Amino acid sequence: MAFVAPKETFSGKVFEVTIGTDKAISFGGENVLPFHSFEGTVPHRPVIAYEIQDVPPEDWPETVRSVYEGVSSDPVSWARFCEDKLNAKAIALRLIGTHPDRENKGPEEAKKVVSDVLSAIKVPLIILGSNHVEKDSEVLVAVAEAAKDRNCIIGKAQEGNYKTITAAAMAHNHKLIAMSELDINLSKQLNILITQMGFPKERLITDPMCSALGYGIEYTYSVMERIRLAALTQNDAVMQPPLLGDVGTYVWKVKETQASETELPSWGSLKERSITWEAVTAAAMLVAGAELLIMRHPEAVVAVERFIDELMQ
Amino acid sequence: MALTGVEIFKLLPKTNCKKCGHPTCLAFAMKLAQRQASLDQCPDVSEEAKRILGEASAPPIRPVSFGSGDRTLKMGEEMVLFRHEKKFVNPAAFAVEIKDTESDDRINSVVEDVLSSEIERVGQKLRIDAILINNVSGEASRFEAVVKNVSEKAPNVPLIIATGNPEAAEATLKIVASRRPLLYGANKDNAEQMANIAKTYKVPLGVKADGLEALSSLTEKIKSLGVEDLVIDSGAMKAKDIIEHNTLIRRAALKKNFKPLGYPVINFCQREDKILEALIASLGVMKYSSIVVLSSVEKWKNLSLFTLRQNIYTDPQVPMQVEQKVYKIGEPRPESPLLITTNFSLTYFIVSGEIENSKVPSRLAVMDCEGLSVLTAWAAGKFTAAKIAQFIKESGIENEISHRELIIPGYVAILSGAIEEKLPGWKVTVGPKEANGIPAFLRQRMS
Ligand code: SF4
Chain A
1 MAFVAPKETF
11 SGKVFEVTIG
21 TDKAISFGGE
31 NVLPFHSFEG
41 TVPHRPVIAY
51 EIQDVPPEDW
61 PETVRSVYEG
71 VSSDPVSWAR
81 FCEDKLNAKA
91 IALRLIGTHP
101 DRENKGPEEA
111 KKVVSDVLSA
121 IKVPLIILGS
131 NHVEKDSEVL
141 VAVAEAAKDR
151 NCIIGKAQEG
161 NYKTITAAAM
171 AHNHKLIAMS
181 ELDINLSKQL
191 NILITQMGFP
201 KERLITDPMC
211 SALGYGIEYT
221 YSVMERIRLA
231 ALTQNDAVMQ
241 PPLLGDVGTY
251 VWKVKETQAS
261 ETELPSWGSL
271 KERSITWEAV
281 TAAAMLVAGA
291 ELLIMRHPEA
301 VVAVERFIDE
311 LMQ
Chain B
1001 MALTGVEIFK
1011 LLPKTNCKKC
1021 GHPTCLAFAM
1031 KLAQRQASLD
1041 QCPDVSEEAK
1051 RILGEASAPP
1061 IRPVSFGSGD
1071 RTLKMGEEMV
1081 LFRHEKKFVN
1091 PAAFAVEIKD
1101 TESDDRINSV
1111 VEDVLSSEIE
1121 RVGQKLRIDA
1131 ILINNVSGEA
1141 SRFEAVVKNV
1151 SEKAPNVPLI
1161 IATGNPEAAE
1171 ATLKIVASRR
1181 PLLYGANKDN
1191 AEQMANIAKT
1201 YKVPLGVKAD
1211 GLEALSSLTE
1221 KIKSLGVEDL
1231 VIDSGAMKAK
1241 DIIEHNTLIR
1251 RAALKKNFKP
1261 LGYPVINFCQ
1271 REDKILEALI
1281 ASLGVMKYSS
1291 IVVLSSVEKW
1301 KNLSLFTLRQ
1311 NIYTDPQVPM
1321 QVEQKVYKIG
1331 EPRPESPLLI
1341 TTNFSLTYFI
1351 VSGEIENSKV
1361 PSRLAVMDCE
1371 GLSVLTAWAA
1381 GKFTAAKIAQ
1391 FIKESGIENE
1401 ISHRELIIPG
1411 YVAILSGAIE
1421 EKLPGWKVTV
1431 GPKEANGIPA
1441 FLRQRMS
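In order, the protein sequence lines correspond to chains A and B.
Its first residue numbered 1, the first sequence is counted upward by one per residue in the numbering used here.
Its first residue numbered 1001, the second sequence is counted upward by one per residue in the numbering used here.
Source of the hints: derived by calculation from the structure; they are not laboratory data.
Please note that a few of the clues may not be correct.
What the hints assert, rightly or not - Okay, derived cross-link-like pairs now, DSSO-like style, lysine-lysine, Cα gap no bigger than 30 Å in a straight line: (1) A:Lys-13 / A:Lys-255; (2) B:Lys-1014 / B:Lys-1125; (3) A:Lys-7 / B:Lys-1074; (4) B:Lys-1202 / A:Lys-255; (5) A:Lys-188 / A:Lys-201; (6) A:Lys-255 / B:Lys-1325; (7) B:Lys-1299 / A:Lys-271; (8) B:Lys-1259 / A:Lys-7; (9) B:Lys-1238 / A:Lys-13; (10) B:Lys-1031 / B:Lys-1050; (11) B:Lys-1031 / B:Lys-1325.
The structure presented is a predicted model; accordingly, all values stated were derived computationally and were not measured.
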């Protein structure tokens, strides 16, 4: 029996999305499953954005907080550090300080932070709210305007607030993250609702909701795989936006990235363990289909970039 | 690929003699197709038909195992390409490489690491499954000494005997054949000798070739020599080649019923950079590897890999639920806070993660709501005041805690009065709507 490689080609293709202006970057565009360049084209590497926030990262565990000591008290110096010292290709600014249970900063304050950060960096900016449905719709509308002409990604639009956020992204020419909770049908439905408002599907990014390794990652993994299969095999256009893995925020919350080795000797060194936890979570998202990742620890990012190198060449 | 009734019928004698207990050959064929009859019930079936039917009913990826006793490692038998279709069957085994050129001290310490690698996670015992001993020296005598030493120090750990030298293979198998190690293995230059050794010592055989075409011809050749328990290596080392080869191998086996590649796969994932090694090994776990070979077994790296494997190999059909009970987070004292939520497993993961994050030891009462999230369960009438009150009473929690305060999710604030009515003596406090508000909420109460 002679071996014939069972290669598969698809009619569908993931949309190619370009963000930023000065140092613009593109991702997506492939017509095959993740890293299956042996049977189609994969024009771009996935992009990893460094996460920063509008308030000091006091809630981040020591291992990752200490990396940004001295720069993280101010979002501008933090962003510069990521661009200049860590060679970030993109930056994700999370406006967590606007959450009503946190510092409860107002839209005007958020606007100022966004403008200041944007004038300090050349790489593309992803602007995230605090994941508070009502507050996000106020805050993201304000910052979308402040960021106009910079071709940012704003998010996340959810079922409860997509109308205002979509309108703002549309008015100021940004890309938009649509997030739903771990269900391919919900995700599809939200993308449809958003495009029905006239928002071009080619400017969407789907976030099916990330989960950390050990804390439900298999659900995100399978939802991503199914979305990608629908995009390729069924040529389903609403499922063809690139996928986001918002990795860092989920990973640096779990016990495995916080418990000391003294507390749990069988888990080994906290530093390596937590960095690996973020890197493995990211790798799983990539293999499942994510084209855009948001991460926190530079050593995890470096390892994942090397992983991508090996997968691409 | 299973044959249809009609396809099977074509292979039968077509005499309708009824000796099989069925009225016609066709009726018997239909029963065979549904696996409700077995071929030996027909006394007149041809050898040719037996062969074809036997092959067609064999699983597309051959079950192969190595090791012995309760540590036996099962591989193969996979039926799908994507985990949402059906549960992945036999979790990838993690094997650590020991080179026979390394010092005895280093070898002994790696063996120690393997023996102490077991941890428990979500009720499962997870560990480094096997040791691969690599005959890097090329010498038979040194190899034999190392295999002997390792096998004595780790008497229950499945072994992979990695040598291309038939003499070294035979010398070591004389010592450890009864433990059914995997002999790795055969290549185009030594295939006959290795196949003979595998046959003599009754051990499975690893087969390595350069690329999928060469690999297919080599497994066919070895099969024709009478050895069928094979583990295959396409020579893929880089991540790009691992994903390509493993995908094509699994597709060929499952979709084309291509037997020469219908075997479990071994991948070598060793890297200088240990975090990168964890990622390459992760790729193996996600993309169809049956044996993942590592260079070291640091506890921190093991934990990520064990967890990923456990996650990827869970059953996607099982509803996303956790067991109804009161979970302890941190080390709660009698006066520590008590929160309640539903048993949708993601709700549980997120809420317990946030409580963990708050560093405030607490109890989390997880109520069976058939795997629905808080809002959906409330809307469906499964997370109601009466049911919550009943659960709290029956849980026996009143004997464990010194207070009578229950923190409920912000989304069901409306229930607080009704719960207080049904739970006399209790105070209900409304917590945050979203889980990410929990740390601030709990910490504030402490101050
Ligand atoms: S015993 Fe064989 S030949 Fe006879 S009826 Fe059954 S299948 Fe046909």
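**OP:** Report the numbers of all earlier hints that the structure fails to satisfy, in ascending order.
**Re:** 1, 2, 4, 11
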